[in-house]
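Enquirer: Take each chain as given, in its own frame, and dock them per the hints.
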Amino acid sequence: MSKIHVSAVVNGDPVDFLADPRESLLDCLRDQLGLTGSKEGCGTGDCGACSVTVDGVLVCSCLVLGVEAEGKAIGTVEGLSDGGTLHPLQRKFIEHAALQCGFCTPGILVAAKALLDQNASPTETEVRYWLAGNLCRCTGYDKIVRAVMDAASEMREAV
Amino acid sequence: MHYHKPHTFEDALKIAANARGVTRFLAGGTDVLVQLRAGIVTPDDLIDLKLIPGVHDIARTADGGWTIGIAVSGAELGRHAALVAEWPGVVEGMNLVGSTQVQGRATLAGNLCNGSPAADSVPGLVAAGATVSVIGPNGTRKLAVEDIPASPGRTHLQAGEIVTAIHLPPRGAQGGDAYLRFIPRTEMDIAVVGCAISLTLDGDKIATARVALGAVAPKVLLVADAAAALIGTTLDDKALAALQAAATAAAQPITDRRGTVEFRKDVTAVLAARTARIAYARAKGAVK
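From first to last, the protein sequence lines are chains E and X. Going by our numbering, the first residue of the first sequence is number 77, and it counts up by one from there. Going by our numbering, the first residue of the second sequence is number 431, and it counts up by one from there.
These aren't lab readings, by the way, just hints derived from the structure by calculation. Note that this is a predicted model, so its numbers are computed, not measured. There's no promise every hint is true.
The list that follows gives simulated cross-link-like pairs (lysine-lysine, DSS-like), each with its CA atoms no further than 27 Å apart [claimed, not checked]:
{"hint": "1", "chain 1": "X", "residue 1": "K480", "chain 2": "X", "residue 2": "K572"}
{"hint": "2", "chain 1": "E", "residue 1": "K148", "chain 2": "X", "residue 2": "K572"}
{"hint": "3", "chain 1": "X", "residue 1": "K572", "chain 2": "X", "residue 2": "K435"}
{"hint": "4", "chain 1": "X", "residue 1": "K435", "chain 2": "X", "residue 2": "K480"}
{"hint": "5", "chain 1": "X", "residue 1": "K444", "chain 2": "X", "residue 2": "K572"}
{"hint": "6", "chain 1": "X", "residue 1": "K480", "chain 2": "X", "residue 2": "K444"}
{"hint": "7", "chain 1": "X", "residue 1": "K635", "chain 2": "X", "residue 2": "K668"}
{"hint": "8", "chain 1": "X", "residue 1": "K695", "chain 2": "X", "residue 2": "K668"}
{"hint": "9", "chain 1": "E", "residue 1": "K148", "chain 2": "E", "residue 2": "K219"}
{"hint": "10", "chain 1": "E", "residue 1": "K79", "chain 2": "X", "residue 2": "K480"}
{"hint": "11", "chain 1": "E", "residue 1": "K79", "chain 2": "X", "residue 2": "K572"}
{"hint": "12", "chain 1": "X", "residue 1": "K435", "chain 2": "E", "residue 2": "K148"}
{"hint": "13", "chain 1": "X", "residue 1": "K635", "chain 2": "E", "residue 2": "K79"}
{"hint": "14", "chain 1": "X", "residue 1": "K714", "chain 2": "X", "residue 2": "K635"}
{"hint": "15", "chain 1": "X", "residue 1": "K668", "chain 2": "X", "residue 2": "K714"}
Distance windows between CB atoms, simulated [stated by the list, open to error]:
{"hint": "16", "chain 1": "X", "residue 1": "G484", "chain 2": "E", "residue 2": "D193", "range": "22 to 30 Å"}
{"hint": "17", "chain 1": "X", "residue 1": "P648", "chain 2": "E", "residue 2": "D218", "range": "38 to 46 Å"}
{"hint": "18", "chain 1": "E", "residue 1": "G216", "chain 2": "X", "residue 2": "Q588", "range": "47 to 55 Å"}
{"hint": "19", "chain 1": "X", "residue 1": "L573", "chain 2": "E", "residue 2": "E202", "range": "18 to 26 Å"}
{"hint": "20", "chain 1": "E", "residue 1": "V85", "chain 2": "X", "residue 2": "V700", "range": "45 to 53 Å"}
{"hint": "21", "chain 1": "X", "residue 1": "G633", "chain 2": "E", "residue 2": "D193", "range": "23 to 31 Å"}
{"hint": "22", "chain 1": "E", "residue 1": "A234", "chain 2": "X", "residue 2": "I661", "range": "53 to 61 Å"}
{"hint": "23", "chain 1": "X", "residue 1": "R707", "chain 2": "E", "residue 2": "Q194", "range": "29 to 37 Å"}
{"hint": "24", "chain 1": "X", "residue 1": "H486", "chain 2": "E", "residue 2": "E200", "range": "48 to 56 Å"}
{"hint": "25", "chain 1": "E", "residue 1": "S197", "chain 2": "X", "residue 2": "A654", "range": "43 to 51 Å"}
{"hint": "26", "chain 1": "X", "residue 1": "Q465", "chain 2": "E", "residue 2": "E200", "range": "17 to 25 Å"}
Even glycine gets a Cβ: it sits at the ideal position worked out from N, Cα and C.
In isolation and in its complexed conformation, chain X is listed as follows (with noise of 0.2 Å):
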């Protein structure tokens, strides 16, 4: 295995265009290591991502949004007031990621690029609107954090294609967003069902909404449904009612040793509607 440390992304390419073999990219090592350890994947041409300027950081956009650098750990987006205060649900999602070892060293970038269906910091990003800038052989491009997950373990980038950052819109007035997981647990373990909501407020009335479900499909899901059973409501029971059938009507879980179809169902509607009075709390100003 050769081990690459570039110091720009064009220079992580040329190293990725020029390596025959399994290439991994390293962002903070979680995944990789494991899987090199497990004798699952063993690279030919590991590439570091972590000494390339800027990927540490955590910077407002122009617009009022936030670049998330690819290095960026779980406990530094735990770390930043503005952010955490912007975008709890984001980072809420992030942060239920493995222990505080762990924290240390993963990131959103590779939690995505991993594409766990069960990814906790994923169905956060799609709630959220988030997008990835992409650079590969072909150039750079943006796409949105739904399009990149493909099925267990799989994405739609193309061989060479890296993420080079996570982008945030801006949060706007009135808007919050919220995530939750179940698992049988208190801590350090892998969601039965996630789901993460985000919503603005016109007043009481919510005006836009996104509802993603991780764990109950191959991928983490964006439900179109979902969202438009919230949107012009002020959360009374009815559109809850409407939200929970939207959801559990998008999930097509399977059977595993942690959770049944049925189940996993059952709780996708109790987690989307206290996901949602979660964010819509958030959303009126309520203490994050």
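Next comes chain E alone, as it looks inside the complex (with noise of 0.2 Å):
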């Protein structure tokens, strides 16, 4: 099976690796570049751990080819962060305990950042369907929505 050589960009940095077509947009960001942070909980599209961004678009990398990358903008939980700062989602997250085990934790913190992009002041209800994609299996979701209303507060301050 030939591999196919991709280029694209993730977190804002040029990146090249080499795809076996088959391959999901996950198992590539994982195995290829070595970002562990997208997690795979179903690889059907249900849980949203793997959640990402592709030329903005909020999508499953589960169900994204690797080979489609080819010339997009993939944003990923690693690029939330700025330097050594922490997200003001991911601050908030800590501060209200919206993680127990962790594992769904960076999908939801991407779809959240996704929203918060494009609707600086989500409802509670807005948010809870925006996250409707992104299963949790401990917290119960209230301390995530809370986490979410109030990073976006503190955004809105900020600007």
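Expert: Here it is in structure tokens:
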């Protein structure tokens, strides 16, 4: 099986990798690029643990082929913090204890950031619907929603 | 598996014609990749149609209808204000498919060609009277959306045929459509029953109507008797009762873990009446 050369930009950095055409973008991020923040929960697009952005659009990276990333800009959880400074969402998740086992957290952070990028003041209902594709089996979601609302509020004040 | 990314539909056809094994087309990827991973379908040739010019466009046609590219995602459809204003039922059906993440990838064409009887976007297209353009080894043809699904996972497209665009007719004055589905939770589930209705009014009276049902038969149904129950009425109680009776009679559901035959027939009647009221209100100019 011949591999295909893929050039993309991940979290602002140009990257090149060789992808088997059957490999998902998630597999390529984790196994070729060593970016293990994105997790595989279900592999069928149900759980959202592998959420990334492709040219700004939130998707499940398990439902994207690695070879489809050619020429695209990919955003993963590794790109959220600025050097050593955590993104407000990351800080608020810690503050509100919005995670327990942490497996779903990278996907939820990426999804929440995608929401706040297009809607700086979402309602709680909007947050809950937007994150309906991110499953968490630990927290019961309440703390996650509170952390997102609080981060949104802080980010609005900072502007 | 060979991955192809043609830049014209003609090239895609040639690749498909030369492929000897299992061939799959990629419009969004939310079904094909799941089947690939689960080992249900491992294509020998995967033909990615997303790089063909125009497939991401939503364009107004000369007659006042719309042409929707096969790679337009649910999210892109939902953001198109003019389309949402004219065909809210078509868009709300598509927007019920999966999560935010799935909406970033999933397409009308993929949902249609996947052949699920519970596909949320298909009843809205059928009710709207949507058609698709198809290109194949024997040239191009146009098909009504209701003529595409055959049975679960199967369509009436011939080997090597590709859907190249989806067309919505002109909405016209005093028209409205709606789609409702029943699921046991509020989001992220597969329809137990789906119902779409599109109608036009002449004053207060319903002039034309199309009623489509999902998840109650091996394929999405266009129910002419249910439409006939509405035409010429002002959607009074008698018309609603006749609509419910016709819709229930047309439903041939199965019992599975998501619902029994009796439950599905009952819900078909409930959804038909509710959907008709919304479509009627929208045709009257109510806020979409």
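Enquirer: Would you mind marking each hint as holding or not holding in the structure?
Expert: Do the hints match the structure? See the list:
1. X/K480 - X/K572: Answer holds: X/K480 to X/K572 is near 21 Å, not above 27 Å.
2. E/K148 - X/K572: Violated: E/K148 and X/K572 sit about 34 Å apart, past 27 Å.
3. X/K572 - X/K435: Answer holds: X/K572 to X/K435 is near 24 Å, not above 27 Å.
4. X/K435 - X/K480: Between X/K435 and X/K480 the Cα gap is close to 8 Å, so the pair holds against 27 Å.
5. X/K444 - X/K572: 20 Å, holds
6. X/K480 - X/K444: 16 Å, holds
7. X/K635 - X/K668: Given that 27 Å is the threshold and the Cα spacing comes to 14 Å, the pair holds.
8. X/K695 - X/K668: This hinted pair holds, its Cα atoms lying about 19 Å apart.
9. E/K148 - E/K219: Since the Cα atoms of E/K148 and E/K219 sit roughly 33 Å apart, the hinted pair is violated (cutoff 27 Å).
10. E/K79 - X/K480: 21 Å, holds
11. E/K79 - X/K572: 38 Å, violated
12. X/K435 - E/K148: Measuring from Cα to Cα gives roughly 15 Å; hence the hint holds.
13. X/K635 - E/K79: Violated: X/K635 and E/K79 sit about 62 Å apart, past 27 Å.
14. X/K714 - X/K635: Distance ~10 Å between X/K714 and X/K635 Cα, so the pair holds.
15. X/K668 - X/K714: OK: X/K668 and X/K714 at ~20 Å, within 27 Å.
16. X/G484 - E/D193: 22 to 30 Å: With Cβ atoms ~28 Å apart, the hint holds.
17. X/P648 - E/D218: 38 to 46 Å: 42 Å, holds
18. E/G216 - X/Q588: 47 to 55 Å: The hint (47 to 55 Å, Cβ to Cβ) holds, given that E/G216 and X/Q588 are roughly 50 Å apart.
19. X/L573 - E/E202: 18 to 26 Å: 38 Å, violated
20. E/V85 - X/V700: 45 to 53 Å: 50 Å, holds
21. X/G633 - E/D193: 23 to 31 Å: 47 Å, violated
22. E/A234 - X/I661: 53 to 61 Å: 58 Å, holds
23. X/R707 - E/Q194: 29 to 37 Å: With a Cβ separation near 33 Å, X/R707 and E/Q194 satisfy 29 to 37 Å, so the hint holds.
24. X/H486 - E/E200: 48 to 56 Å: 33 Å, violated
25. E/S197 - X/A654: 43 to 51 Å: 48 Å, holds
26. X/Q465 - E/E200: 17 to 25 Å: 36 Å, violated
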